[in-house]
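Protein sequences, first through last, are from chains A and B. Sequence positions in the first sequence follow our numbering and run 1 to 249. Sequence positions in the second sequence follow our numbering and run 1 to 507.
It is possible that some hints are incorrect.
[Claimed, not checked] Residues from chain A that face chain B, not an exhaustive set, calculated with beta carbons under 8 Å: (1) 50; (2) 54; (3) 73; (4) 74; (5) 76; (6) 79; (7) 81; (8) 246.
In short, the hints are calculated from the structure, not lab data. Virtual Cβ for every residue (Gly too), placed ideally from N, Cα, C.
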Amino acid sequence: MKTLACYSIKGGVGKTASSVNLAYLAAQAGYRTLLIDLDSQGASSFYFRVRPSKKNWGKRFFKTYEQLLKQIKASDFDRLDIIPAHESFRHFDAMLSDQGKREQRLKRVLKGLKKEYDLIILDCPPTLSYLSEAVFHAVNMILVPVIPTTLSERTFEQLQDFFHRNDLPDRMVYPFFSMVQRQKHLHKSTIERLQDTTPRLLEAQIPFSTDIEKMGEHRSPISCFAPRSPGGQAYEALWQEIARKLEKL
Amino acid sequence: MTAHSRWLIKDSDSTERLLDKYRQKFTLEPMQIRHETLSFYDDFEWHLWHRKQLLASNNKGLILRVDDSELTFFDGENPPVFAKNLINPTLKQSIQKLTKGRRLFPMAELEVEFCHYAVRNKDLKKVCDLSVTLTGYGTMVELKGLRGYDKEYRRCLNIVLHSKPDELEHHIFLNSLRLLGIKPSSYSARPHIALTPELDSCDAVAIIASTLWKNVRCNEEGIIRDWDTGFLHQYRVALRRLRALFTQMKQSIGRDESQWFKRQLSQVAQATGRLRDLDVCLASEDYYLSLIPARFHNGLEKLFRDIACERQKEQKNLAQRLNSPEYLSQIGLIESHISLCPQSPPRKGHKAILKQASRQIVSRYNAISMDAIDITGHSPDEQVHDVRLACKKLRYLLEFFADLFPKQEIRPLLKALKQLQNNLGRFNDLCVQRENLEIYLKDRNASAETEAAIHALNSALYSKQRQERAHIGLQLEAFLDDDIRRRVESLIPAAVQRKSKTGRLSE
Ligand SMILES: Nc1ncnc2c1ncn2[C@@H]1O[C@H](COP(=O)(O)OP(=O)(O)OP(=O)(O)O)[C@@H](O)[C@H]1O
Ligand SMILES: [Mg+2]
């Protein structure tokens, strides 16, 4: 079983859009896939029309994997299941703060799912916190969407600093460009500048696309309702690139 | 893990009403509606049907498989002829195993409509899968739950249950084909022979003979049309069993009649030997190639092309023969003799079959024991062959008369014998194959390349043969073990046992 996270310190960069589409494409490719929506906003869950259980179960999230099993919901698509976010996930940081070995907690509960799934995708909230630390320890790959602007570049550098300061291996961090608008001078020059200097930068780029924005109306992955559109094709290319890397891990 | 159930609804009006009820409570989205004319396939022995399996094709690239009750679709498949031509590897493997490589024939047709709906909640999230399959002989309603949506599944289930459906044990296709009057043929490679213990032994022999004879005749058309190699094989097996029956039970029908049948049956079988050898050889091509280094492959492939040519000719000859007036009149003659059998049974022919058969079995077993005593790791191969033939005779006896004895006694016996025979059989096959290769070399001007390949193959086969030979001692020992002996002797009815003091009842 492989685990990957879509993560960025910055909000609104396309983490959720990527999680949703990659999860869909992985399942289509034959991976038994579980998407876990760690963001209490529940955006991924919304895209798949999955509602969380009414119970306030967030406080049991890190206890045992059986707790997670109970919350799994099938998506409309073969091989793709979802653990929808619950409002109580807001308190993850507080919960983790008074637990021992907190950075290992997530890794430990996810291990229990390895019989059932080939791939777990985590959609993360935009924070640098105990939860994100636990995520970094739990996954094989961290995908970081980067909008090619100076501000976005800065937050990516912050993430790298954090990894160095905390002795985390940055070889699992894979940035890629998201919401790219080639006609914008700033985007173009940022991409050109970073392309040769950023380690492990993925080749695939996700363009800014109204089809991707429309995922909210359709409440389904773009790869499902408009696979041939530029946005759909871009996610397909991104998935292919990631799948090759996953195979080698 | 997720809930799943299937139900039968007999008339189509109630199906409509049912769908309406779903529409009231949920959003019903049609995902797929297709109409297909399906041809169902099975082999000559109905292997699939007997295992509650179905294989169908829409003759437009789609194959459907029903495994007990699970239906699976396979795209990009031609209508099946042999399992080995199927493309999907899992499908191919399992059908090949089930049909034992036999040719598939269309056996029935059904018009089918598949409707697949997604049952959705207020968010338009799918909460249950609903499939409705109509065959004209009934409607199958199938519900599949989704993980995490148990409550919704139960609501869906209640809607079906409300319409008071019938339970459906198997897939609707199976039900529909039955209603259509499709039945498997009564042919069986190992026909069950019902005998009663008190039957006169001569009459029992006649019953067995006429059953086996039917198998000979049933396979003729398949041989003539060259449908698959199984027809010739089973034709020969039936002849061989018949011969064994008449030889071994000669006390029951009399020496002359037995002799007559033996001669006739041998003649009929003789004309088929060459083709069978060639079939066996051709079937081992891949195996042979795997036994020798790649540099010999060319030579061997050339040999196989030659053999394939010869086989075609041989098949034509045999087909001609089976259509010839000579063959037909010989067959007619045998057939009348079988229906008149027994013509003048000797006194022993009126003894009860149970007694006769059990004596015969014990005496066969003892004969094997005697032959086996001298067999060591170094005894000549001929001696091993004698034991093999003796085992074969015993096997036939046990099979003819299995019905007369308690199953729990016969089964372990057959199992032990089968193990020994497998070992002996493989040993013998290797001998025969090597001999055939030698003959090929002598008879033809094989190219240097082919000659080298045959030499390489022969030595590979020889070492396999020695390996098999090495196991024979132990296998024999196991078969002659006290437990098996006791079982064999227990086959004799108590009343008869008391009369013979030694327990050795050889004739
Ligand atoms: N490639 C794109 N082109 C156009 N719009 C996009 C693209 N990717 C995402 N969006 C839109 O941008 C918004 C933010 O995207 P998304 O929710 O995927 O980002 P996020 O990083 O998960 O945000 P958050 O940090 O709030 O979780 C959404 O409205 C989404 O529809
Ligand atoms: Mg998000």
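Comparing the hints with the structure gives:
1. 50: Given a least distance of 6 Å, the restraint on residue 50 of chain A holds.
2. 54: 12 Å, violated
3. 73: 3 Å, holds
4. 74: 4 Å, holds
5. 76: 4 Å, holds
6. 79: Result: violated, 11 Å to nearest chain B Cβ.
7. 81: 6 Å, holds
8. 246: Where the cut-off is 8 Å and the nearest Cβ of chain B is about 24 Å from residue 246 of chain A, the hint is violated.
In terms of the numbered hints stated before, the structure departs from hints 2, 6, 8, listed from lowest to highest.
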